[in-house]
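Enquirer: So the chains spell out like this:
There are 2 protein chains.
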Amino acid sequence: MSHFATEIAEQPDVLARILADPRVPELARRLRARPVPLVATLARGSSDHAVTFFGYLAGRALGLPVASLPPSLLTLYDARLHLEGALGIGVSQSGESTDVVEGLAALKRSGAHTLAVTNRPGSALAAEADDHLDQHAGRERAVAASKTFTSQMMVLARLVAEWADDDELRTALDAVPGALRSLLDDAATLDRAALRLTHAEGLYVLGRGLSFAAALETALKLKETAYLDAQAYSSAEFQHGPIAVVDPGDPLVILAAEDASLAGLEEVAARLRQVGADLTVVSSSAELLRHAAAPVALPEGMHAVTAGFALVVAGQLLAERLATSRGIDPDAPRHLRKVTRTR
Amino acid sequence: MSHFATEIAEQPDVLARILADPRVPELARRLRARPVPLVATLARGSSDHAVTFFGYLAGRALGLPVASLPPSLLTLYDARLHLEGALGIGVSQSGESTDVVEGLAALKRSGAHTLAVTNRPGSALAAEADDHLDQHAGRERAVAASKTFTSQMMVLARLVAEWADDDELRTALDAVPGALRSLLDDAATLDRAALRLTHAEGLYVLGRGLSFAAALETALKLKETAYLDAQAYSSAEFQHGPIAVVDPGDPLVILAAEDASLAGLEEVAARLRQVGADLTVVSSSAELLRHAAAPVALPEGMHAVTAGFALVVAGQLLAERLATSRGIDPDAPRHLRKVTRTR
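Chains as they are written, first to last, in our numbering: chain A, -12 to 330; chain B, -12 to 330.
Simulated from the structure, these hints should not be mistaken for laboratory data.
Keep in mind that a hint or two might mislead.
Note: identical chains are not told apart, hence a pair may lie in one copy or across any two.
SDA-like cross-link-like pairs, simulated, lysine to any residue; straight-line CA separation at most 25 Å [what the hints assert, rightly or not]:
(1) K95 with P(-1)
(2) K95 with Y64
(3) K95 with E71
(4) K95 with A247
(5) K95 with E13
(6) K95 with L182
(7) K95 with R10
(8) K95 with R183
(9) K95 with A15
All chains, full assembly: derive it from the sequences and hints.
Expert: This is the structure:
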């Protein structure tokens, strides 16, 4: 079993640890004490996908606009932003991404209160920030992030739930470890879906709203571990141009939660089916699954936030199975290091 | 000659009209009268690439954080953001993108002052917004945006220059029409670069900082007009994972301006050359061009902001030539409509 597969399986326990961390409600209580006009984030790769998920939750539950800043704005162009009263969040599992660490220092100088979300309490990022929340993921041996990604999603999502004192969101998050255990115990349809993609040369992964982060992360995992040239789009963006490249037989993966985003994904699925595309659909929606050549049914009745996590894990399993089927060791991506020190 | 080619050639005149529009400094004067804590934007496809460029300029010259909001946060999830005092900008050439129009109305209800940037003064978006700035591009017949994209970049960039009263930025923008005329008059090396890509099956387009919007837009044009499965990345993001997919001989395009972003692009170019990738480089940097199998030299001494526009037009020309070489009519992308009405 690869490290990647082992670490995928550890996720229910990791996320349960975050749900029990008293530091999250403690920080939320302090954040509630004064108005925060804006959250500015710094993150790269997977970490920025976690921020995408956070942006939806913070906007809905707190009315907070989230600006995901390009680190180069601060590290290369030395922009001095006006961020008095804002919350600046740096997200990096290693806590050693140079541009995120330097960028967070710049946000602090600009007047923001700063928070580090990392898996390393002793890292440079945690030392730089006013506050630190731990990802509780333990050591990750695979270069491709799995548990260090979902733990970022969970830390940020739980922070929103506690900050907004949102019982519906709390309940949806509490259901995540159990939902992931069920998915991990019964992944036979994902196996079959992965086998069908063995000789694919490129792939689009579509999501929307709360499933969009899962689409972004799945495309990255497919690149890193199975060397499949996958690209993620929101279903709305996809219809604004990229849909032009789709030929009959081309493979696409659609990841859908059951909420207001479902209608748009159904629309694009119907259009792609007309074109003759080969659809893999992961969803609990029977309406959507019937468009698929490879349907992967999730249990019905899952909250869309819970589904946001389940879809990420489904994408990880798809990547892990596909790498294996393509004869690639998912633990040793070419040209990659675990800590990337770009400025 | 295709509509796409004709409209690419019209850009110097379109941008000169924007540089002469008295409404831009007039709005800038009013914006200076009170502090603006944040800009929240709504845009899809190409329009969001123009926002990416704007984000760098607004951060540098005004210290303003720019949050590019996913329209679905407002239209599907009904988030009620706290945006008192903020500027909300909706960017859409047609002014009829349903989600941008509805989203801008939601920003107004949330307390933002709203601005429409469109090519249609009579559009729903212009009617919805408190202020409207015109793209002055005239009718665009090709489905793939060219002049309606660079005109969005210019409207937003000039707004920053006037708002910040930034003479260096003004001078860089004033130089754009002339720089584009030179590029359009002498595109022989771009022709050759396009011919080399005729049988490419996928392509990465890399930029960083002020050239990142050009990378995003070039990848989209290559998809829409040449059906080439192109993906854009910042050079920093690319090294965080996607670089794993690169095989010897794989084609990549690097678009670079000469500023603080250049060192990172040189680093990734050297790494890709070691892997044996096939590099097309558009830049004025001799250091960077020497890594290229297909070097496309821009004139030296161009301001990085001016180069940001020139690189976009270089990418358009590359897409137009490549479509022609692949026997595709760039005016009639499959599965696409000029106005996309997603919610």
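Enquirer: For every hint, state whether the structure bears it out.
Expert: Each hint tested on the structure:
1. Taking identical chains as interchangeable, the C-alpha atoms of K95 and P(-1) are never at most 25 Å apart, the minima being 34 Å within one chain and 41 Å between chains.
2. In this assembly of identical chains, K95 and Y64 lie within 25 Å of each other by CA distance solely inside one copy; the values are 16 Å within and 31 Å between copies.
3. Within a single copy, K95 and E71 get their C-alpha atoms as close as 9 Å, and across copies as close as 23 Å, so both meet the 25 Å cut-off.
4. For a Cα distance limit of 25 Å, the shortest separation of K95 from A247 across copies, 22 Å, qualifies, whereas the shortest one inside one copy, 37 Å, does not.
5. Taking identical chains as interchangeable, the C-alpha atoms of K95 and E13 lie at most 25 Å apart only when both belong to the same chain, with a minimum of 21 Å there against 34 Å between chains.
6. Taking the closest pair of Cα atoms, K95 and L182 never come within 25 Å of each other, the shortest separation being 48 Å inside a single copy and 49 Å across copies.
7. Taking identical chains as interchangeable, the C-alpha atoms of K95 and R10 lie at most 25 Å apart only when both belong to the same chain, with a minimum of 21 Å there against 36 Å between chains.
8. Neither within a single protomer nor between protomers do K95 and R183 lie at most 25 Å apart by alpha-carbon distance, with minima of 49 Å and 48 Å respectively.
9. Proximity of K95 and A15 under a CA criterion of 25 Å is satisfied intra-copy only: 19 Å inside one chain copy versus 28 Å between copies.
Hints 1, 6, 8 from the list above are not met by this structure, while the remaining hints are.
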